[in-house]
Amino acid sequence: MTPAVEAHGLTKRYGPLAAVDDATFTIAENTITGLLGRNGAGKTTLMRLITGQEFATRGSVRLFGAPPVENAAVLQHTCFISESQRYPDEFRIKHVLEGAPHFFANWNTEFANELVEEFRLTRKQRIKKLSRGQRSAIGVIVGLASRAPLTIFDEPYLGLDAVARQAFYDRLLADYSEHPRTVILSTHLIDEVSQLLEHALVIDAGRIVIDAPVEELRSSAATVSGTAEAVERFIAGREVAHREKLGGLISATVAAMSEADRADARTAGLEVGPVSLQQLIVRRTGGFSTTSTTTLEEATA
Amino acid sequence: MTTLTADTVPATARPLGRRISTIMLLQLTNPMTLVGWPLMILGFIYVLNLAIYGLISTATDGASAIGVNGGVGFIWVYTLVMAVQSINQTFPLALGFGATRRDYLLGTGVLFTLLSVGYAALIATLAVAERAVDYWGVGLRFFDTSPDFTWFELFLGTLLVLLLFASIGAATASVYVRWKATGMYVFWAGLVVVLVGVGFVLTWTDSWGAVGEFFATAGVLGTLGWSLVISALGAIAAYLILRRATPTNT
Amino acid sequence: MDDSRPIFRQLAEQIENQIIEGSLAESEQVPSINEFAAFHRINPATALKGITLLVDTEVLYKRRGIGMFVAEGARGRLIDARRQTFHDDFIRPLHAEARALGITPEELADMIRKDTTP
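Chains as they are written, first to last, in our numbering: chain A, 20 to 320; chain B, -8 to 241; chain C, 10 to 127.
It should be emphasised that the hints constitute simulated quantities derived from the structure, not laboratory data.
Keep in mind that a hint or two might mislead.
Reference excerpt, derived from the structure (chain B facing chain A, CB under 10 Å, subset only) [stated by the list, open to error]:
| # | residue |
| --- | --- |
| 1 | M23 |
| 2 | W28 |
| 3 | Q76 |
| 4 | T237 |
| 5 | P238 |
Yeah, the Cβ is synthetic: ideal placement off N, Cα and C, and Gly gets one too.
Next up, chain A with everything else stripped away, as it sits in the complex (with noise of 0.2 Å):
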């Protein structure tokens, strides 16, 4: 079956800097993929790279079996509207609901004057004076009706509030269940996705450092927590990610534990607690510093 976007060493440099650097990875067909990475890591590059928008330095990239660069065939049935998207200075949101359905095959009306609604959007407010919030909103809204098989959506919450973002979440959800396609989100708020994930695709400072099924990160790791000596006793030779120390206690973020694992640990009277996918991707992207200590705001932002 074909994937629905592969890449092989796509790389883009600006100059000496790689925003991209020798991606390789595969996006199966109608998955929930989440672009994960601090600002900065190059997701929005990639996803331009993606949609044919940027063109790569080096590698390769295909959708649906084929690279999209001014390739019509492919590029149709794809969707990518930023927050950050421009548009005509005299454009109300009435016109971009109008441009849009000439251009997605799928687009639904219904859907996309409901989501209106729902964001509490007019269509006859002009964009240029929309709030950040509200042009996330338009984003979303075109996101989402256009029901085009590639959809993505890049950093589709910023502005909007935490009722407005579960709002998306859930439409989303209730929307690709019913039809399913691929869909990319970045984003840097880990855990708020978390649960709508299937995969995750993490990037940091252009590389990719993380393909994995979001199931099989999330079970991979623990926190071991307890006296300094237990604590240590218990994970000598195995993978710690990262270690936090308060007095006397340890906290380790320890990868690769097994249901054995975690009964050995809480018959040792260690606590043995999840590790929330937001901390572990925090913590082998190296977080926010190399020594093996870190404070808990650091290690949290």
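Here the structure of chain A is known, so what remains is to put chains B and C in place on it, guided by the hints.
Chains B and C alone, transformed into the frame defined by chain A:
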């Protein structure tokens, strides 16, 4: 429940005509930009001119005023500005919606050509109308710059001028979209250098006379016919430049 | 749904609990994959995995074109299986905690006998 898998995703693009009309419809989604405002401003300026000429006429007791006032030249410049603005603003959106650069340019080109035809016909008709009412008795020849021309000649002349300015506008827009402000400076600076250089060469080889003769023998329409070459070059330049342009969202 | 265990497993356990306590009767239809996904705000693929797990363990079965149903005898089978893991899941931690607090097995048995939790 509809499932769109990679195997069921149609592998061929929609017909070219459909893709072109999609771009055209996008540009026309807000008709004010390319039709509404221009017509309104044109109408306003015409009425304004008429009022002024009427005033002068009454003040000078019916003596015919200057005649052609060149106000119609506003249309040329406005065409250029519209072309630049519309490309600069709709290009990022078209690409966001999944259009290719090639389709975008073809669609925009077709649209600009059709608009030029429409406006040219309108202007030619208005010019003939001006003649019919004897310039309202106040001698304002706003549209009718060449009273010896037939409707068709007016139409053709206007069309060629509009195409010229539209294509220059398109080329300028492409430079801006691709290279932004820096590109603009280089472009205009380069243009000035070229024009000055040509002027210099002509003066030095004492060829101004030959140039004048060339235009004289060609006549107005002939000269405009040659402008078609520049229009074509502008369109080609726009295509070549925009092909590698990356839409930025700032 | 939390981070402690795979989500599909948590979903499966939730359904099993409902069957054991009787809120889902045998031969009764269970919600669809999409309904589970929307309710728990999880990816439908994850919901599918949880349901598939229950189909594999013969707790649920599928009636093509209609939906998923609780299998005959599922409750009995689940109770048997849980009895097997009861020791590891509950007795062991209870015993460890009691030992840490110095509660003898006799005191523990007494507490259990006198407990009036419904």
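A quick look at each hint next to the structure:
Interface restraint check: M23/B against chain A, minimum CB-CB distance 6 Å, threshold 10 Å, status holds. Hint on W28/B holds. Least Cβ distance to chain A is approximately 9 Å, under the 10 Å limit. Interface restraint check for Q76/B: the shortest CB-CB distance to chain A comes to about 8 Å, inside 10 Å, so the restraint holds. Interface hint at T237/B: satisfied, since its Cβ lies 6 Å from the closest Cβ of chain A, which is below the 10 Å cut-off.
With its C-beta approaching chain A no nearer than about 6 Å, P238/B sits inside the 10 Å limit, and its interface hint holds.
Every hint from the earlier list agrees with this structure, and none is contradicted.
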